[in-house]
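Chemist: Protein sequences, first through last, are from chains A and B.
To get my numbering, take the position in the first sequence, counting from 1, and add 24.
To get my numbering, take the position in the second sequence, counting from 1, and add 4.
Among these hints, one or two may not hold up.
To be verified - DSSO-like cross-link-like pairs, simulated, lysine-lysine; straight-line CA separation at most 27 Å:
hint, chain 1, residue 1, chain 2, residue 2
1, B, Lys53, A, Lys372
2, B, Lys314, B, Lys277
3, B, Lys277, A, Lys241
4, B, Lys60, A, Lys372
5, B, Lys400, B, Lys378
6, A, Lys36, A, Lys372
7, A, Lys27, A, Lys372
8, A, Lys36, B, Lys72
9, A, Lys241, B, Lys314
10, B, Lys60, A, Lys36
11, B, Lys231, B, Lys200
12, B, Lys60, B, Lys72
13, B, Lys228, B, Lys277
14, B, Lys387, B, Lys337
15, B, Lys387, B, Lys400
16, B, Lys53, B, Lys72
17, B, Lys231, B, Lys277
18, B, Lys387, A, Lys241
19, A, Lys241, B, Lys72
20, B, Lys314, A, Lys36
21, B, Lys200, B, Lys53
22, B, Lys379, B, Lys400
23, B, Lys53, A, Lys27
24, B, Lys337, B, Lys379
25, A, Lys27, B, Lys60
26, A, Lys36, B, Lys400
27, B, Lys337, B, Lys314
28, A, Lys241, B, Lys228
Simulated from the structure, these hints should not be mistaken for lab results.
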Amino acid sequence: MLKIEPRGLESKFWRYASPILALVLTGLTSGLIFAAMGRPAGLTVYTFLIAPLLQQDGLAALVVKAAPLIMMGVGLSLAYRANVWNIGTEGQFTLGAIFAGGVALALPDAPAWIIFPAMLMAGMLGGMVSGGLVAWMRIGFNANEILTSLMFTYITQYLLVYLVTGPWRDPAGFGFPQTAMFSDAAAAPKLIEDSNVHIGVLLAPLIAIGLWFMLEKSLLGFQFRVLGQAPRAARFAGFSEDRLVWVAMLVSGGLAGLAGMLEATGTLGQLTTNISPGYGFAAIIVAFLGRLNPLGVIPAGLLLALSYLGGDAAQINLGLPNAVTGIFQGILLFYLLGCDVLLLHRIKWRRDTVRIAR
Amino acid sequence: MAGPLLTMTGMTKQYPGCLANDHVSITIEHNQIHALLGENGAGKSTLVKMIYGVTKPDEGEIVWEGQKVTIANPGQAQRLGIGMVFQHFSLFEALTVADNIALGLGSAKERVGLRERIVRISTEYGLPLDPDRVVHDLSVGERQRIEIVRCLLQNPKLLIMDEPTSVLTPTEVQRLFITLRRLASEGCSILYISHKLEEVRSLCSAATIMRLGRNVARCIPAEKTVKELAEIMISAELHAPTPRPRSASHAPPRLVLDRLTIRSPNQFGTDLKDISLSLAGGEILGIAGIAGNGQAELMDALSGEILAGKPETILIDSIPVGHMGPTDRRGVKGCFVPEERNGHGAVTTMSLAENGFLSAFQRGNLVRFGVIQKKRTSAFAQKIIAQFDVRTTGPKAEARSLSGGNLQKFLVGREVLQDPSVLVINQPTWGVDAGAALAIHEAIMALASEGTAVIIISQDLDEIFVLADRISVIAAGRLSPPIPTREATVESIGRLMGGTTSPPPPVEVPRVALRA
Chain A
25 MLKIEPRGLE SKFWRYASPI LALVLTGLTS GLIFAAMGRP AGLTVYTFLI APLLQQDGLA
85 ALVVKAAPLI MMGVGLSLAY RANVWNIGTE GQFTLGAIFA GGVALALPDA PAWIIFPAML
145 MAGMLGGMVS GGLVAWMRIG FNANEILTSL MFTYITQYLL VYLVTGPWRD PAGFGFPQTA
205 MFSDAAAAPK LIEDSNVHIG VLLAPLIAIG LWFMLEKSLL GFQFRVLGQA PRAARFAGFS
265 EDRLVWVAML VSGGLAGLAG MLEATGTLGQ LTTNISPGYG FAAIIVAFLG RLNPLGVIPA
325 GLLLALSYLG GDAAQINLGL PNAVTGIFQG ILLFYLLGCD VLLLHRIKWR RDTVRIAR
Chain B
5 MAGPLLTMTG MTKQYPGCLA NDHVSITIEH NQIHALLGEN GAGKSTLVKM IYGVTKPDEG
65 EIVWEGQKVT IANPGQAQRL GIGMVFQHFS LFEALTVADN IALGLGSAKE RVGLRERIVR
125 ISTEYGLPLD PDRVVHDLSV GERQRIEIVR CLLQNPKLLI MDEPTSVLTP TEVQRLFITL
185 RRLASEGCSI LYISHKLEEV RSLCSAATIM RLGRNVARCI PAEKTVKELA EIMISAELHA
245 PTPRPRSASH APPRLVLDRL TIRSPNQFGT DLKDISLSLA GGEILGIAGI AGNGQAELMD
305 ALSGEILAGK PETILIDSIP VGHMGPTDRR GVKGCFVPEE RNGHGAVTTM SLAENGFLSA
365 FQRGNLVRFG VIQKKRTSAF AQKIIAQFDV RTTGPKAEAR SLSGGNLQKF LVGREVLQDP
425 SVLVINQPTW GVDAGAALAI HEAIMALASE GTAVIIISQD LDEIFVLADR ISVIAAGRLS
485 PPIPTREATV ESIGRLMGGT TSPPPPVEVP RVALRA
């Protein structure tokens, strides 16, 4: 029978091989699911993972989708390394977009050099308010951040629906639940003319590198790592857990707010009831797939971005429902966490022959 | 009964990167109290785990009462008649004694008449226990009795005891020995694992000594001196620590506690009540006591992990520090070594360099503009490793790859090299082999002779008598006034350890057969 045995020490090999194995298993499993739906498995997996890249502007679309995922995944890596389980990035993303959108709507005539920095600050502030509330409730009332951050996500989403169907609805929008388009000055600067590639595509890897340096090389990062691995040792060393929880929530929330702001201004140009196709939740997968290492988050963010594009392609070309994106991401997280068992354990085939010989 | 009770030959167990047992043999006779001696990491626990069926050997033969057996799991070991009392108890604090014992039994059938059997066995063997008491009210000694009674209910022929006396008062140790001798005389052999060589000499009739996963000697402990036993264990000659010149110090106090009173943050912890003391530079104060009498809380209050409220409650070099956290207390040259190495004093999954950095980044100047100075950090760890003879591959080695003694040397060295004005060490040599213990004792004495005020909190009275100038006892969160060591005796300290109540009279053990 199969037996799972502890290894003793963490396996270096499986640290990097486990996400790859998870990816392979995800490909096989989704192939099986597609086959069960009566679609040719190979073609579907091809449509999902490879075809989007071959399209015109495929790469541009990929990096634009990856930018918010990477920003949020990086913030989450930091928080998770310190055992701060922020799963409310979706809400922090949304509040960032709301704050930035509010600035854009309030200053329709402001020049770009005023409005864009103002929106940038507002977006990060929105995410930080949302994350900060969670930190305050954990520290002040010992409320579990997994619950509160998720609950804030729902609150924020309803706030967005209220705003775009109520006070902020575009008077000239024929009653559609959306705000007026932001002014051209409020659009995120483009890196490439006539494309969607906005400044976030440049910011995301820079943020990843900066936070990697912070986490691995600085005293503050050391404090996060100690808090995550041995909370008592952190207290012994004099690192304030409260302070680190604040920083983790403000940074992960602020980055989510920044991502939300860039999505609203760089890609959408207005607020609607649907500004995020679940980026905040996908970012959780990104953080784990990237091994909670900010540099690992970059390829992980690209892969998850691909799953969004693949989902769109599968809908258009094969007539599959929109839910396939979520299914693919869910299977990936499932295998990712499952394969991590191999880090500390090995699987052995052995016959059960042990018997009392007396 | 002819032949030995248990013979193990050629026992071999390979762990990834470590040959824990290399063809180890041991023979335990009937009615024998057999000592298993060795440094930390010598392979004692691996051998014991193979006997108790926790670990499966790669090679080797186990012969139990003349029959060749394989022991697949602890349940099977128990059916054969092997019981084990672990160093760390597995008891539910909120349940009664009887409930805890019942939980360890397999079937409902075994629970019939359990209370009566608990009472009968505990009185027969001088292990007084009230089945209806809740565990969190019990002393460590009483908790250990639960574990022993739990084993005795299974009518064992071999009882394995892992470091049983480290948590007991001298009186409790004497009582335990009476019980163990009784058990042995009635046919239950005992495998006794301990670091305390004096105890082994008085209790055990045979000893197997291990080093680096191999047998190095078999002997009769009473025929050897403690020094000889220790030398076989570590394969080196030992020199007794040179006694310190103990003069009453008139130097100004470097550490003062003024009526320190703290509620324990832990539900089952001990509150500290009105603790006052004054300690001069160059002085070593030993704080004796049974585990769980407020040592952990006192340590946390001194290190700043629990704040003391009013700043003036704690003075280091006349600076009020009661309101300061650990970082600020290090700033005024207070250094601390907590009891638990894994996850408290050290982060086991981090490298030695990072663990050196953990408490020394400030005084060691290891951070510039918020960035870790990698070279200086590594050099600091290297200095500790060199000066304190830490056996490891270097600063990059993970803390968990070190044996307990080596990691403790590293942690003590980390604080000593910060040139502290006050050093507090909780259990300096807990679970540490004889060689490392000696090195740590020497480091503490050298530091004191340079003018540091040192507090050692320890359950090991021998250690306190060797090191301390004065001895206080902590019992139920109160600290007794210090006694100069030359005026103290084991008996007087032992009485204070038991708290205000006078020691219980010696137990008369009736002679009743174990298996009726």
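Chemist: Indicate, hint by hint, whether the structure satisfies it.
Modeler: Hint-by-hint comparison with the structure:
The suggested pairing of B/Lys53 with A/Lys372 holds, with an alpha-carbon distance near 21 Å, which does not exceed 27 Å. About 15 Å separates the Cα atoms of B/Lys314 and B/Lys277, which keeps this hinted pair within 27 Å; it holds. At roughly 43 Å between alpha-carbon atoms, B/Lys277 and A/Lys241 are farther apart than 27 Å, so this suggested pair is violated. Between B/Lys60 and A/Lys372 the alpha-carbon distance is near 14 Å, which keeps this suggested pair within the 27 Å criterion.
Distance hint between B/Lys400 and B/Lys378 is fulfilled; the C-alpha atoms sit about 11 Å from each other, no more than 27 Å. The suggested pairing of A/Lys36 with A/Lys372 holds, with an alpha-carbon distance near 19 Å, which does not exceed 27 Å. For the suggested pair A/Lys27 and A/Lys372, the alpha carbons sit about 5 Å apart, so the restraint of at most 27 Å is met. Taking the CA atoms of A/Lys36 and B/Lys72, the gap is near 40 Å; set against the 27 Å cutoff, the hint is violated.
As the CA atoms of A/Lys241 and B/Lys314 are separated by approximately 37 Å, the hinted pair breaks the 27 Å bound. In summary, the hint linking B/Lys60 to A/Lys36 is supported, as the alpha carbons are separated by about 25 Å, within the 27 Å threshold. For the suggested pair B/Lys231 and B/Lys200, the alpha carbons sit about 12 Å apart, so the restraint of at most 27 Å is met. Taking the CA atoms of B/Lys60 and B/Lys72, the gap is about 15 Å. The hint holds against a cut of 27 Å.
Restraint check for B/Lys228 and B/Lys277: the C-alpha separation of about 45 Å exceeds 27 Å, so the hint is violated. Our distance criterion of 27 Å between C-alpha atoms is met by B/Lys387 and B/Lys337, whose separation comes to about 19 Å. For the hint pairing B/Lys387 with B/Lys400, the CA-to-CA distance comes to about 13 Å; that is within 27 Å, so the pair holds. Of the supplied pair hints, the one linking B/Lys53 and B/Lys72 holds, its CA atoms being roughly 18 Å apart against a limit of 27 Å.
Simply put, B/Lys231 and B/Lys277 have alpha-carbon atoms about 41 Å apart, too far for the 27 Å limit, and the pair is violated. Distance check on the hinted pair: B/Lys387 and A/Lys241 sit about 21 Å apart at the alpha-carbon level, within 27 Å; holds. At most 27 Å may separate the alpha-carbon atoms for a hinted pair to count; A/Lys241 and B/Lys72 exceed this at roughly 57 Å. For the proposed pair B/Lys314 and A/Lys36, the alpha carbon gap of about 49 Å is over 27 Å, so the pair is violated.
A hinted pair counts as satisfied when its Cα atoms are at most 27 Å apart, and B/Lys200 with B/Lys53 qualifies at roughly 21 Å. Restraint check for B/Lys379 and B/Lys400: satisfied, since their Cα atoms lie roughly 12 Å apart, inside the 27 Å limit. Distance hint between B/Lys53 and A/Lys27 is fulfilled; the C-alpha atoms sit about 20 Å from each other, no more than 27 Å. Between B/Lys337 and B/Lys379, the direct Cα distance comes to roughly 24 Å. Compliance with the 27 Å bound is thereby established for this hinted pair.
A threshold of 27 Å between alpha carbons decides the hint, and for A/Lys27 with B/Lys60 the separation of about 14 Å falls inside it, so the pair holds. Restraint check: the Cα-Cα separation between A/Lys36 and B/Lys400 comes to about 15 Å, which is no more than 27 Å; the hinted pair holds. About 20 Å separates the Cα atoms of B/Lys337 and B/Lys314, which keeps this hinted pair within 27 Å; it holds. Restraint check for A/Lys241 and B/Lys228: the C-alpha separation of about 54 Å exceeds 27 Å, so the hint is violated.
In the structure shown, a violation is registered for the earlier hints numbered 3, 8, 9, 13, 17, 19, 20, 28, in ascending order.
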